[in-house]
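Peer 1: Residue numbers (my numbering), protein chains in the order written: chain L, 10 to 123; chain U, 2 to 115.
Hints are computed from structural coordinates only; laboratory data are not their basis. Since this is a predicted model, take the numbers as computed values, not measurements. One thing to keep in mind: the hints can contain errors.
Which stretches of chain L does chain U cover? Using the computed rule of at least three CB atoms under 8 Å from a CB of chain U, they are [to be verified]:
1) 25-34
2) 40-53
3) 94-107
Here a beta-carbon is modelled for each residue, glycine too, at the ideal position from N, C-alpha and C.
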Amino acid sequence: KQEVTQIPAALSVPEGENLVLNCSFTDSAIYNLQWFRQDPGKGLTSLLLIQSSQREQTSGRLNASLDKSSGRSTLYIAASQPGDSATYLCAVFRPSGGSYIPTFGRGTSLIVHP
Amino acid sequence: KAGVTQTPRYLIKTRGQQVTLSCSPISGHRSVSWYQQTPGQGLQFLFEYFSETQRNKGNFPGRFSGRQFSNSRSEMNVSTLELGDSALYLCASSLGQGNNSPLHFGNGTRLTVT
């Protein structure tokens, strides 16, 4: 059974810091990995999707890497801002029934204070 | 382009009742998946539909069911509600083909069972 762990569970930093959020998974036979953010009481917003054949993806101040062999992904946030405050979740997708089933981590709760 | 729409946003029900939640996917998306989010268990996969067929199902009891219509809109039903069914129920849509299509989430339905 796939298990996804995110470390740290919570993080509080001053504005401007560069951050690294970690996601590890137990079964390396994944087909892709997706990073999301969730604001309180809201749904998830997709940030980055890394296909199984890729090593990293970048979008603005965000960079996500994937190392399938070691079962790890990291999300790097450059020059953090108060608007980045949210919970960040990673999800790994495994094939099933002609589609894919995601398993989510419990998330990293991030607070960026001015 | 309109996002994923879930109705209602909030719902209060009594134990033993049943409930139906609705999800309208992004136009052109043919896959709809449902999730339950609780503080204790995190975000868990319920089921996924594609072209009116259930492709995958998570580890939930038979009280949880769903369906998808020809216009890709989806409903999920929970019968004989229990206190433990109180949760945020999220729906997500995607193109549904291949593993390169990210999930797009709605803002969820907050269900409270008393």
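Peer 1: Hints first: check each against the structure and report whether it holds.
Peer 2: Right, here's what the structure says about each hint:
no., hint, result
1, 25-34, "violated (count 0)"
2, 40-53, "holds (count 8)"
3, 94-107, "holds (count 7)"
Hint check: a violation occurs at hint 1 only; the rest are consistent with the structure.
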